[in-house]
Amino acid sequence: MMNFFVKLIKLPWLFCQPLTKKPKNNGDPVSELFIWRNSTEWATYFELFDLASLFEENEKSRNVVLVFFKQDGEEFKREKIQIEPNIRNTINISEYVSALDDQIGTFCVFHETPKAVKNIGSFIADRGYVSYEYKKSPLRFYVHGNLDAISYSTDHKLFMLGGHSFLKRKYFIQYELSNFNFELAFVNPTNSNKHLVLKQFKNLLTKPLAKQAKRLKPREVCIFFVKGIDGQIASMTSNLVMARPIVFRLSEDSVDVFHG
Amino acid sequence: MPFYPLLKAPAAKGWIKLPNFPPNNWEINSFKRYINLSWADGDVWNSRNIGILGKDKFIRFNEADFENILPPDVCPFISLTSKPLMEINSNLPTLVDKTSNLPLFRAAIGLQTERASVSYQGEINPFHAPGSLLSFCPFIQTNSKVKNYLLFVNLESSGIFRTAEIEIFDSSSCELKHTSKIGNNRVSVISLDDLGFSATSLPFIICREMSGIPLFYSTAENGKFLSLEHSHPPASFVVHGDRWGAQKVLKQKWFSKVN
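One line per chain: the protein sequences are A and B, in this order.
My numbering numbers the first residue of the first sequence as 66 and each following residue consecutively.
My numbering numbers the first residue of the second sequence as 274 and each following residue consecutively.
Each hint should be verified, as a subset may be incorrect.
Unchecked claim - Residues from chain B that face chain A, not an exhaustive set, calculated with beta carbons under 8 Å: (1) Leu-326; (2) Ala-380; (3) Ile-463; (4) Ser-464; (5) Asp-467; (6) Gly-469; (7) Thr-473; (8) Phe-498; (9) Gly-514; (10) Gln-520.
Stated by the list, open to error - Straight-line distance between alpha carbons at most 27 Å, and here's what the computed BS3-like set of lysine-lysine pairs gives: (11) Lys-135/A / Lys-145/A; (12) Lys-524/B / Lys-497/B; (13) Lys-86/A / Lys-282/A; (14) Lys-235/A / Lys-371/B; (15) Lys-233/A / Lys-87/A; (16) Lys-371/B / Lys-305/B; (17) Lys-87/A / Lys-222/A; (18) Lys-72/A / Lys-235/A; (19) Lys-180/A / Lys-87/A; (20) Lys-135/A / Lys-200/A; (21) Lys-233/A / Lys-420/B; (22) Lys-235/A / Lys-292/A; (23) Lys-290/B / Lys-276/A; (24) Lys-521/B / Lys-272/A; (25) Lys-526/B / Lys-183/A; (26) Lys-86/A / Lys-142/A; (27) Lys-305/B / Lys-72/A; (28) Lys-201/A / Lys-526/B; (29) Lys-89/A / Lys-521/B; (30) Lys-276/A / Lys-292/A; (31) Lys-264/A / Lys-524/B; (32) Lys-233/A / Lys-200/A; (33) Lys-233/A / Lys-201/A; (34) Lys-292/A / Lys-521/B; (35) Lys-328/B / Lys-264/A; (36) Lys-420/B / Lys-72/A; (37) Lys-328/B / Lys-276/A; (38) Lys-305/B / Lys-267/A; (39) Lys-524/B / Lys-125/A; (40) Lys-530/B / Lys-183/A.
Since the hints were derived computationally from the structure, they do not count as laboratory data.
Cβ coordinates follow ideal geometry from the N, Cα and C atoms, glycine included.
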């Protein structure tokens with residue numbers, strides 16, 4: 066009986082609200098909406114390797130499609146790249162977006178779908194590895210992708226896969242935002258505008274120390290700047306099923322980047 | 274509720290910062306919890322209550338905090354529970370606690386040098402034993418100023434120590450580049466430099482008898498710059514459908530390629 070009531074309480078949060086939707090067509094590839102940063106301080110790289118070849122023996126090169134978006138989510142460029150199987154290609158993403166005035170945006174990566182993946186009713190997905198160079202650092206700082214945000218159909222159309230929540234949800238970043246300055250980057254992976262409200266707390270029972278809000282169009286990315294305070298907790302309120310940011314923790318010459 | 278491992282790496286010290294509040298507002302409320310320190314001694318699992326964490330609070334632990342409790346050469350795992358764990362268990366204690374699932378309850382798991390620190394948001398639950406591992410790892414930074422390491426983290430139900438062999442190959446040639454012994458219930462550290470990988474090499478690692486989390490740690494300028502990230506399991510290359518079936522296809526293919 067208790068289990069029934071627990072399930073009933075969770076129903077408004079779970080019913081018909083997946084984290085990500087299935088692509089429209091069988092075999093459509095899927096990608097995260099990776100964040101690129103490009104400025105005098107930042108450069109972005111992506112580790113590209115042929116996912117389809119991992120499943121099937123293939124000696125020929127395959128095509129991978131990269132799509133780049135401006136900060137406001139508008140598509141900027143598409144590139145088709147030919148890659149060899151089982152080879153690492155560290156792609157300089159900053160070179161592709163260097164013509165833009167924007168210093169931040171998103172990009173996605175679509176692979177060919179091998180039969181082995183189609184046959185099991187799955188979709189090939191790139192949620193791989195972005196790295197950032199900060200202030201000409203001698204090494205790059207890695208973060209992996211997380212969300213199945215966008216798919217690509219055979220007639221070259223893009224579909225947003227992010228789920229929408231009926232109720233407003235709060236996502237609490239389980240990281241103490243103290244000692245450093247932070248940049249919290251959020252992407253809208255859905256096909257409708259979303260209102261995001263970031264609140265910063267010293268104590269969740271008291272009024273927030275600060276509040277910031279932004280309305281994001283589909284694929285739009287924004288950064289919330291947060292000054293570190295001892296014991297600080299931040300929450301994001303929105304109709305996203307999970308509003309999980311990429312956190313950039315800044316020190317003078319270096320950065321730590323991770324999923325919040 | 275999961276466990277959180279204390280990492281180790283050359284010239285760096287592990288740290289963990291635990292939060293005691295859920296990552297969402299709708300699954301559970303937060304309440305004070307007991308902080309547990311657990312370690313396997315090669316025979317059983319030992320646990321000690323090392324404090325209570327209040328609701329909506331953080332607590333940070335460094336290696337030095339456990340010096341007077343832990344025997345040498347064991348790996349500490351931290352957890353939060355609503356009741357303290359028994360001090361001795363033949364198997365890893367099951368953490369019975371209300372916890373959120375979407376997303377998972379995570380802590381900051383990190384490494385620190387004198388000049389910088391780095392972390393990822395993570396957790397660990399016990400792996401099946403024996404298990405197996407396949408992971409593709411494009412993380413080696415071939416700049417000569419950078420040192421690169423694989424930190425392999427394992428947790429298993431049994432407190433009895435065992436070892437397995439990890440093998441590192443080049444995907445293109447399937448040439449074996451390195452083998453190393455790894456252990457359960459601990460963090461095994463393997464240098465990835467001087468194995469003959471180039472900037473275009475795509476390494477993959479396999480372990481035929483043990484599963485775990487492969488973490489990739491890079492450091493430069495005597496610890497002034499640090500990077501830390503884990504690789505995805507093969508199931509993450511697909512979404513929806515039979516993801517674990519896809520992982521099986523990949524493991525069968527790549528294990529047989531190097532047999």
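How the hints compare with the structure:
{"no.": "1", "hint": "Leu-326", "result": "violated (12 Å)"}
{"no.": "2", "hint": "Ala-380", "result": "holds (7 Å)"}
{"no.": "3", "hint": "Ile-463", "result": "violated (18 Å)"}
{"no.": "4", "hint": "Ser-464", "result": "violated (15 Å)"}
{"no.": "5", "hint": "Asp-467", "result": "violated (17 Å)"}
{"no.": "6", "hint": "Gly-469", "result": "violated (14 Å)"}
{"no.": "7", "hint": "Thr-473", "result": "holds (5 Å)"}
{"no.": "8", "hint": "Phe-498", "result": "holds (5 Å)"}
{"no.": "9", "hint": "Gly-514", "result": "holds (3 Å)"}
{"no.": "10", "hint": "Gln-520", "result": "violated (10 Å)"}
{"no.": "11", "hint": "Lys-135/A / Lys-145/A", "result": "holds (18 Å)"}
{"no.": "12", "hint": "Lys-524/B / Lys-497/B", "result": "violated (37 Å)"}
{"no.": "13", "hint": "Lys-86/A / Lys-282/A", "result": "holds (18 Å)"}
{"no.": "14", "hint": "Lys-235/A / Lys-371/B", "result": "holds (18 Å)"}
{"no.": "15", "hint": "Lys-233/A / Lys-87/A", "result": "holds (23 Å)"}
{"no.": "16", "hint": "Lys-371/B / Lys-305/B", "result": "holds (12 Å)"}
{"no.": "17", "hint": "Lys-87/A / Lys-222/A", "result": "holds (15 Å)"}
{"no.": "18", "hint": "Lys-72/A / Lys-235/A", "result": "holds (20 Å)"}
{"no.": "19", "hint": "Lys-180/A / Lys-87/A", "result": "holds (18 Å)"}
{"no.": "20", "hint": "Lys-135/A / Lys-200/A", "result": "holds (22 Å)"}
{"no.": "21", "hint": "Lys-233/A / Lys-420/B", "result": "violated (45 Å)"}
{"no.": "22", "hint": "Lys-235/A / Lys-292/A", "result": "holds (20 Å)"}
{"no.": "23", "hint": "Lys-290/B / Lys-276/A", "result": "holds (25 Å)"}
{"no.": "24", "hint": "Lys-521/B / Lys-272/A", "result": "violated (50 Å)"}
{"no.": "25", "hint": "Lys-526/B / Lys-183/A", "result": "holds (17 Å)"}
{"no.": "26", "hint": "Lys-86/A / Lys-142/A", "result": "holds (25 Å)"}
{"no.": "27", "hint": "Lys-305/B / Lys-72/A", "result": "holds (24 Å)"}
{"no.": "28", "hint": "Lys-201/A / Lys-526/B", "result": "violated (40 Å)"}
{"no.": "29", "hint": "Lys-89/A / Lys-521/B", "result": "holds (26 Å)"}
{"no.": "30", "hint": "Lys-276/A / Lys-292/A", "result": "holds (12 Å)"}
{"no.": "31", "hint": "Lys-264/A / Lys-524/B", "result": "violated (44 Å)"}
{"no.": "32", "hint": "Lys-233/A / Lys-200/A", "result": "violated (38 Å)"}
{"no.": "33", "hint": "Lys-233/A / Lys-201/A", "result": "violated (40 Å)"}
{"no.": "34", "hint": "Lys-292/A / Lys-521/B", "result": "violated (45 Å)"}
{"no.": "35", "hint": "Lys-328/B / Lys-264/A", "result": "holds (18 Å)"}
{"no.": "36", "hint": "Lys-420/B / Lys-72/A", "result": "violated (49 Å)"}
{"no.": "37", "hint": "Lys-328/B / Lys-276/A", "result": "holds (22 Å)"}
{"no.": "38", "hint": "Lys-305/B / Lys-267/A", "result": "holds (17 Å)"}
{"no.": "39", "hint": "Lys-524/B / Lys-125/A", "result": "holds (22 Å)"}
{"no.": "40", "hint": "Lys-530/B / Lys-183/A", "result": "holds (23 Å)"}
Checked against the numbered hints above, the structure breaks hints 1, 3, 4, 5, 6, 10, 12, 21, 24, 28, 31, 32, 33, 34 and 36 and satisfies the rest.
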